[in-house]
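Undergrad: Chains as they are written, first to last, in my numbering: chain W, 1 to 159; chain F, 160 to 270.
Rather than coming from a laboratory, the hints here were simulated on the basis of the structure.
All residues carry an ideal CB built from backbone N, CA and C; glycine is no exception.
Any given hint might turn out to be false.
Claimed, not checked - Chain F is faced by these chain W residues, among others (derived, beta-carbon under 10 Å):
id, residue
1, E51
2, Q128
3, G129
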Amino acid sequence: MSQHRSPAPTMTGENTATFEPQLTIQSRLDDLSLVWSWVETLADLYSIPAEVQFAIQLCLEEALSNIIRHGYGGQPNHAININCSRAGANDLAFILEDHAPPFDPLEYSAIDESPVPASIDQLQVGGQGIRLLRKFAGGLAYQRLPGGNRLTINVTIRT
Amino acid sequence: MLISTEELADGITRIELDGRLDIAGAALVDLKMNLIAGSSMKLLIDLHKVSFLGSMGLRTIVIPGRSVKSRGGKVVLFAPTQMVESVLKTSGIDSVFPIHHDLAAAIAALK
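Kindly generate the complete structure, drawing on both the sequences and the hints.
TA: What follows is the structure, given as C-alpha cells:
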C-alpha cells in the first residue's frame with residue numbers, strides 16, 4: 001500500500017505550506033499518479049516554473065518506470081522511496097532508493113550515443129527513457145547500496 | 160487523455176490528442192491510435208493540447224506513425240508545446256515525422 005511517510009517536512013523555502021519531502025510508492029505503474037500530485041504540491045510550494053515541473057515529472061516517470069520494469073522485473077509490491085531536498089540555492093535533489101537487485105540505469109546509455117535516425121527503419125521505439133533522463137536532468141548519479149540502489153536526480157528550479 | 164479524429168480534404172486524417180501522454184495516458188489511446196493508423200495514409204497528429212510527453216507517449220506516436228509510413232503514407236506532427244517539442248527533438252523522431260506549427264504548412268506537407 002502506498003503511503004506518505006513521516007517525519008514532517010524539513011525543507012526550508014519561500015513558503016510554509018505543508019509538503020512531505022519523502023514519498024514511498026510500490027513497484028506498480030499505477031502508483032506513478034501519486035508522484036504527480038506530490039510534484040504538483042512541490043511545484044506550488046516553490047513556485048516552480050511549468051517547464052521545470054515538466055522536466056521533474058519526466059525524469060521521475062522515466063527513472064521510476066525503469067526501476068519498476070527492469071529493477072524489480074515488473075513484480076509489484078516492492079517499495080521505492082523518493083526523497084526531495086534542496087541542493088544549493090537553486091537546485092532540488094530527488095533521491096530514489098529501492099531494494100531491487102543491482103541495476104544502474106545509467107549503464108543503459110547506448111541509445112544516448114546513437115545518431116539521430118535518418119529513416120523510419122532507424123527510429124528506435126524503445127530505450128528513449130534514458131536519453132530523455134539525461135537530457136532533462138541537471139545531474140544524475142547512481143550508487144549501489146547494500147541490498148538496493150540509489151539514483152540521485154538533480155534539477156535546477158530557477159536560474 | 161482524450162483522442163478525437165477529423166477527416167480533412169485530400170484524405171488527411173487529423174488526430175487530436177488532449178491531455179497527458181504519460182504511461183497511463185498512452186495506455187488509454189494506444190489501441191485507437193493504431194486502429195486509425197491502420198486505415199489512413201495521411202496522418203496529421205495534433206499535439207497542441209498535449210501537456211506532457213514521456214517515452215511511453217513517444218511510442219504512442221512512433222508505432223502508428225511507422226505503420227503509416229511503412230505503407231508509403233505520410234505523417235506530420237502539429238503544434239506541440241515547447242516542452243513537448245523538446246522531447247520529440249531529443250528522441251529524434253522529428254527527423255522522421257516533421258513538426259509544423261502552421262496548419263496550412265502541415266496539410267501541404269501531407270499532399
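Undergrad: Against each hint, give a clear statement of whether it holds in the structure.
TA: Against the structure, the hints come out as follows:
The beta carbon of E51(W) comes within 5 Å of a beta carbon in chain F, closer than 10 Å, and the hint placing it at the interface holds. A cut of 10 Å between beta carbons decides the hint on Q128(W): the least distance to chain F is about 4 Å, and the hint holds. About 4 Å separates the beta-carbon of G129(W) from the nearest beta-carbon of chain F, less than 10 Å, and the hint is met.
Going down the numbered hints, you'll see the structure goes against none, and every one checks out.
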